[in-house]
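Trainee: Residue numbers (my numbering), protein chains in the order written: chain A, 1 to 529; chain B, 1 to 235; chain C, 1 to 422.
Read the hints as simulated data drawn from the structure, not as lab findings. Some hints could be false.
Below, a list of computed lysine to any residue pairs in the SDA-like style, where the Cα atoms sit at most 25 Å apart [as the list claims (entries may be wrong)]:
id, chain 1, residue 1, chain 2, residue 2
1, C, 348, B, 70
2, C, 100, B, 16
3, A, 195, A, 209
4, A, 195, B, 99
5, C, 96, C, 267
6, C, 96, B, 14
7, C, 348, C, 325
8, A, 195, B, 16
9, C, 96, B, 72
10, A, 195, A, 246
11, A, 402, A, 489
12, C, 96, B, 35
13, A, 402, B, 35
14, A, 195, B, 35
15, A, 195, B, 14
16, A, 195, B, 170
17, A, 195, B, 94
18, C, 405, A, 58
19, A, 195, B, 98
20, C, 100, B, 20
21, C, 348, B, 93
22, C, 348, B, 61
23, C, 173, B, 70
24, C, 100, B, 25
25, C, 96, B, 23
26, A, 195, B, 104
27, C, 96, B, 20
28, C, 86, C, 267
29, C, 348, A, 402
30, C, 348, B, 161
The following label-pair restraints were derived from C-beta to C-beta distances [said to hold, decoys possible]:
id, chain 1, residue 1, chain 2, residue 2, range
31, A, 325, C, 410, 21 to 27 Å
32, B, 77, A, 450, 51 to 57 Å
33, A, 231, C, 399, 54 to 60 Å
34, B, 144, C, 265, 39 to 45 Å
35, B, 66, A, 306, 40 to 46 Å
36, C, 410, B, 97, 43 to 49 Å
37, C, 344, B, 66, 20 to 26 Å
38, A, 469, C, 399, 58 to 64 Å
39, B, 144, A, 512, 39 to 45 Å
40, C, 399, A, 205, 35 to 41 Å
Just so you know, these numbers come straight off a predicted model, no measurement behind them. We put the CB at the ideal spot given by N, CA and C, even for glycine.
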Amino acid sequence: MFGLPTQDEPIPFDELPLDDPLLFDEPAGVVIPDIEWSAIAPNLILMLGGILLLTVVSLVRGRTPSWFSAVWTISTAVFAGVTLVPLWQRVQDDGAESVMAGAIGLDGFSLFVTGVMCLSVVLGALLLEGYLRREGLAGPEWYVLLLLSASGGVTMASANDLIVMFIGLEILSVAVYVMAAMHSKRVSSQEAGLKYFVLGAFSSAFLLYGIAMVYGATGTTNLVGIQQFLSETVLTQNGLLLAGFAFMLVGFGFKVGAVPFHNWTPDVYQGAPSPVVAYMASGVKVAGFAGMIRVFVVTFGPTYGADWRPMVYALAMLSLVVGSFGAIVQTDVKRMLAYSSISHGGFILVAVAANSEAGTAAALFYLLVYTFMIAGSFGIVTIMGRTGDGLHALSDYRGLSKARPGLALLFTVFLLAQAGVPFTGGFLAKFYVINSSVSQGQYVLALIAMSAAVVAAFLYLRIVVAMYFDGNTYRGESATLAGPKVRIPAAAGVALGIAVVGTLWLGILPGQMTSVAGDAVAQLVAIGP
Amino acid sequence: MRVEMFTFLVTATIVLAGSLGVVLLRNPVHNALSLIGTLFGVAVLFIAQEAYFLAAIQVIVYAGAIVVLFLFVIMLLGVDKSESLRREPILGQRPAAIVAGVAILGLTLTALLSSAARVTGEQSVLAPLDPAVPDINRLGRVLFTEYIFAFEVTAVLLTIAVVGAVVLIRRAGDPIDLGEFPDGTMGDVLAARAAERNPTIDDAADEEAGLDETADDAAATDDAAATDDAAGGER
Amino acid sequence: MSALLSAVTPLLALDPMLEGDIGFTQVLVVLLKVLVAFGGLLVTVIIFIWFERKVIADMQNRLGPNRAGPFGLLQTVADGLKLILKEDLLPERADKPVFKLAPFLMLIPAFLTFAIVPIAGNFNDGNDGVVTILGQETFMQVADPQIGILLFLAMSSVAIYGVVLAGWSSGSKYPLLGSVRASSQMISYEAALGLSIGSVLLIAGSLSTNAIVAGQAGWQWNLWMTGLVPFVIFLIAGTAELNRPPFDLVEAEQELVGGFHTEYSAFRFAMFFIAEFLNTVTMSAIIVTLFFGGPSGPDFGITGWVSDYVLPFVWFFLKVLVFLFMFVAFRATLPRLRYDQLMDLGWKLLIPLALGWFLVLTVVRVAADEELAAVEVLGVGVLAFLGLLVGGGLLLLSIRASAAKRAAAAAEDAADESEGVR
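Starting from the given sequences, assemble the full structure and let the hints guide the process.
Mentor: Here it is, written out as structure tokens:
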């Protein structure tokens with residue numbers, strides 16, 4: 001059903017000429033793997049872009065203009081995105097393959113996720129530009145960390161080896177821990193960074209432990225190797241493997257904010273700088289889900305799907321319920337959006353739990369739509385936070401429709417898209433997910449997902465009502481927005497434009513992207529017969 | 001009793017005692033010392049498994065650098081006082097932690113013991129390793145062949161760690177309490193604060209401070225990127 | 001007995017004696033080596049303390065110790081006896097178990113490091129230093145573990161704990177300051193130390209000290225094989241690692257009374273004292289092993305036990321003596337560095353230089369492995385050196401740029417202050 005498995009055979013140690021302890025004297029003994037640079041071009045561009053930016057700004061005396069880093073970052077991400085095209089063509093023509101000594105899977109899935117990561121970097125950088133100006137914060141490091149973090153996400157999504165995946169995850173996360181704490185003038189930002197760091201490190205340890213157990217059970221960290229081993233061998237005792245699943249699921253569950261590993265999400269989203277949250281909610285989650293799908297669906301799916309599916313099933317159900325109901329009692333818009341992102345995570349988990357080609361395609365499409373919606377929503381939050389990034393209470397949005405009708409309209413579009421209203425991307429994304437779930441016979445889960453969508457719609461409508469209707473009656477005052485004037489930086493405006501166009505385009509003309517998502521899944525490394 | 005078993009038992013005792021000490025002792029320096037005990041024990045276990053290079057690195061990196069830095073920070077911050085463990089910051093935290101810990105231990109033990117003495121995975125190396133080839137050479141080979149990408153990409157992780165550390169320790173002024181959320185950019189806010197601190201500045205000087213990009217903005221921001229033109233006009 | 005030692009063998013693995021069965025003779029040989037090495041080491045230290053005091057006295061136009069024994073040779077023994085007999089004070093505010101533990105953490109690593117130093121054995125004409133003791137072929141060093149020189153790094157990192165914990169557990173200000181300085185200094189310089197050892201390993205191709213020495217036979221000393229730079233870095237970083245002048249900020253008398261061992265007295269103090277000099281001797285021995293061919297040297301056509309034991313040991317001892325004298329001369333002549341100078345030297349000069357030089361050597365090594373002609377290898381080496389210069393220039397530029405940025409920020413702050421006054 002999937003593409004062909006191709007894999008460079010790792011050379012067993014016994015066959016290597018290891019006679020001479022002074023191995024330096026016989027370079028012929030070392031079999032240097034074939035390094036195909038072009039195959040990891042997008043990742044390399046993001047990496048080098050970040051490091052070059054760091055080098056350039058450290059060599060320049062005085063400050064670089066604040067637009068410089070943003071333009072650099074955006075062009076790097078766009079360039080990386082452009083290099084995806086020939087690679088995509090190659091994968092569609094020649095099929096998926098693993099490169100870099102089997103460490104990286106070059107397939108449609110990884111390229112699709114790379115594209116989404118580049119998109120979230122562009123949106124994040126656009127939002128950051130005006131934000132840093134407004135908050136009076138020093139510039140280049142934010143962009144450096146953004147680019148490097150994205151390269152980590154790409155590494156994670158394309159990793160074909162558990163160790164590479166773990167390192168990618170750490171690159172992705174460590175940069176975001178730092179960025180969450182980087183608003184040096186807000187204590188809550190530092191608190192958010194610390195919380196995220198401590199809990200994140202804890203969950204990484206779980207993931208690593210799980211990896212160790214899976215390695216113990218299968219004898220390799222290579223995903224292709226694991227998949228082949230499991231399909232050829234029947235384990236007499238699979239306790240170690242199952243415990244490995246559980247631990248890895250905890251690690252991934254934390255990264256994607258799945259209940260019951262979600263408790264950090266509202267606190268961190270509330271405290272961290274808003275543009276960083278936009279990236280955190282889009283890019284980090286996308287990479288987390290990509291890793292999860294690659295490990296569970298692609299690697300363990302064919303042989304051990306029946307064992308992990310109940311666990312993901314439970315996570316999905318809990319995320320949907322807690323995400324939807326938790327959001328209702330919040331009064332802070334950032335926390336509301338945090339809970340709504342948990343509930344979105346639940347939807348994607350439903351697609352993961354389907355453990356099918358259609359489910360993976362639905363998850364990819366959902367992730368793309370979700371990136372547009374959530375980055376747009378947090379873009380508005382960034383603008384509405386105003387100086388100090390602190391005006392996030394629901395009451396701070398009262399009367400927005402009068403003060404800034406355009407902004408209110410955009411926010412409404414994003415919220416309605418998140419609620420899953422037709423003619424927005426959110427509707428189709430949810431539709432595909434539920435469709436894939438039903439086709440795998442998960443009727444209960446599908447039902448819960450649909451109910452959760454209805455409950456969540458209430459939350460989104462609350463914000464819309466606050467923006468449009470509450471202003472008139474608020475403490476008898478006239479319908480004006482409380483607090484300082486809202487200014488929209490040009491770059492943030494562009495970001496919102498991209499987000500809203502993306503959201504509506506995917507809702508009205510989805511055909512192109514759904515077929516791309518389908519093609520992406522059709523070309524996957526490590527899928528056996 | 002076989003020597004390997006004897007070595008293992010002694011070392012395991014040290015490792016366990018050390019890790020219990022990390023958790024139970026009340027003085028942070030004693031905790032750090034217990035951690036060293038654990039790390040050394042693990043190094044000895046590595047040697048018992050003939051992984052000499054790992055043992056050396058364990059001592060050099062973990063015991064030699066990381067825990068020394070722990071101690072360094074503990075001493076510099078002056079937090080080397082005994083902690084009172086009576087107070088619970090979050091109600092029911094401790095019982096919950098115990099339950100979760102026991103659950104995880106139970107799960108792990110079940111998984112490990114159920115698989116013990118049974119082949120669950122294929123071994124990467126079936127023959128005994130040739131003692132003539134040091135394990136550092138083997139590791140070097142694996143790092144530059146099979147795990148080349150993982151090895152190289154770790155550089156990015158280290159870069160991020162350095163950048164993050166530098167960024168987070170850079171003093172850009174204390175966090176400020178904004179109170180009522182202000183109009184204008186953060187640069188304006190700081191300029192206004194500076195004016196408040198110094199009552200001799202009249203309004204004209206304040207205005208000037210708002211427009212002059214270099215002087216007050218950077219009082220605590222380290223960055224003068226404030227868009228003052230727009231903000232000045234706003235006033 | 002053989003079973004007991006099988007657990008120990010990993011640490012001694014490369015020694016030919018320990019590859020087969022292990023019986024009574026082997027154990028006897030090992031015990032003999034341990035006794036000779038450590039007994040000799042202790043005697044050397046006692047004489048070295050006298051030597052240092054005498055040389056410094058000469059340089060300062062004094063007499064130095066001249067009462068106890070001929071030429072004052074027994075002065076150290078007298079001092080030691082005095083310290084043993086003194087009352088052992090335990091400060092009231094000390095953290096007692098840690099206070100008692102700290103001196104051992106200094107002393108034991110100092111002893112253990114010496115175990116990997118080859119002190120004799122014939123390395124000429126393709127011999128690899130194997131000697132025959134009691135019918136057993138073995139090396140003239142206590143142990144030759146696979147990790148070899150890494151044991152030295154590991155032990156020197158353990159020794160940091162002695163300093164740090166001694167300072168902290170004393171419960172008093174000056175020792176604490178001394179130990180905080182010590183930990184930062186030793187960690188900073190350990191990086192440079194390790195990187196310069198990396199260059200040696202690149203040439204030697206092995207971690208084993210025996211193999212490193214054997215590779216240097218026939219005047220192929222690593223001193224010039226690695227291009228002198230690693231040696232200079234190692235010498236500087238080693239001096240800093242020893243906390244000897246001009247890097248003795250840890251116990252700067254004018255600032256910190258006695259530094260980390262202010263509160264120590266009697267035999268515990270003596271242990272710190274001995275450990276410090278032990279470390280100096282061991283460091284000299286390691287320098288000789290890494291860069292100066294260890295015990296190898298011309299044998300003047302003599303064979304037999306003289307060329308196995310006597311001549312190599314004489315060469316080794318003479319080489320070590322040069323460095324002992326050098327350390328003493330450092331102490332007598334160089335003024336102490338300021339703290340910021342210390343950190344600048346370590347982080348901004350030694351570490352980048354050591355790393356850059358390592359890369360240059362790697363490039364040359366790769367060029368040689370590709371079987372290029374000698375001229376080409378030289379050309380590649382020159383290119384790599386130019387690359388190093390460019391990298392160093394960029395580093396310098398970025399350091400300057402950041403200094404300029406800092407200065408600008410400080411000037412802005414100052415302008416701010418003055419505005420406040422106005």
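Trainee: For a C-alpha distance cap of 25 Å, please report whether residue 402 of chain A and residue 489 of chain A respect it.
Mentor: Status holds; Cα separation ~19 Å.
Trainee: Going straight from one Cα to the other, do residue 100 of chain C and residue 16 of chain B come out at no more than 25 Å?
Mentor: Roughly 23 Å separates the two Cα atoms, so the pair holds.
Trainee: Measure nothing beyond the straight line between the CA atoms of residue 348 of chain C and residue 93 of chain B; if it is 25 Å or shorter, mark the hint as holding.
Mentor: Not satisfied, since the Cα-Cα distance of roughly 47 Å exceeds 25 Å.
Trainee: Would the pair residue 195 of chain A and residue 99 of chain B pass a check requiring their Cα atoms to be no farther apart than 25 Å?
Mentor: This hinted pair holds, its Cα atoms lying about 22 Å apart.
Trainee: Can you tell me whether the CB distance of residue 344 of chain C to residue 66 of chain B sits inside 20 to 26 Å?
Mentor: Taking Cβ atoms as reference, residue 344 of chain C and residue 66 of chain B lie about 24 Å apart, which means the hint holds.
Trainee: Does residue 267 of chain C lie within 25 Å of residue 96 of chain C when you go C-alpha to C-alpha?
Mentor: holds (16 Å)
Trainee: Compare the distance between the alpha carbons of residue 96 of chain C and residue 23 of chain B with 25 Å, and conclude whether the hinted pair is satisfied.
Mentor: Holds. Residue 96 of chain C to residue 23 of chain B sits at ~21 Å (cutoff 25 Å).
Trainee: Between residue 66 of chain B and residue 306 of chain A, does the C-beta distance stay in 40 to 46 Å?
Mentor: holds (42 Å)
Trainee: Taking 43 to 49 Å as the stated bounds, is the beta-carbon spacing between residue 410 of chain C and residue 97 of chain B within them?
Mentor: Holds: the Cβ-Cβ distance is about 47 Å, inside 43 to 49 Å.
Trainee: So if I understand the rule, the pair passes when the alpha-carbon distance is 25 Å or less; does residue 348 of chain C with residue 325 of chain C pass?
Mentor: violated (29 Å)
Trainee: For the pair supplied as a hint, residue 100 of chain C and residue 25 of chain B, is the alpha-carbon distance within the 25 Å limit?
Mentor: Given that 25 Å is the threshold and the Cα spacing comes to 18 Å, the pair holds.
Trainee: Holds or violated: residue 195 of chain A and residue 209 of chain A, Cα atoms, limit 25 Å.
Mentor: Given pair residue 195 of chain A, residue 209 of chain A holds - Cα atoms ~21 Å apart, limit 25 Å.
Checked against the numbered hints given earlier, the structure breaks hints 7, 8, 13, 15, 21, 29, 31, 34 and satisfies all the rest.
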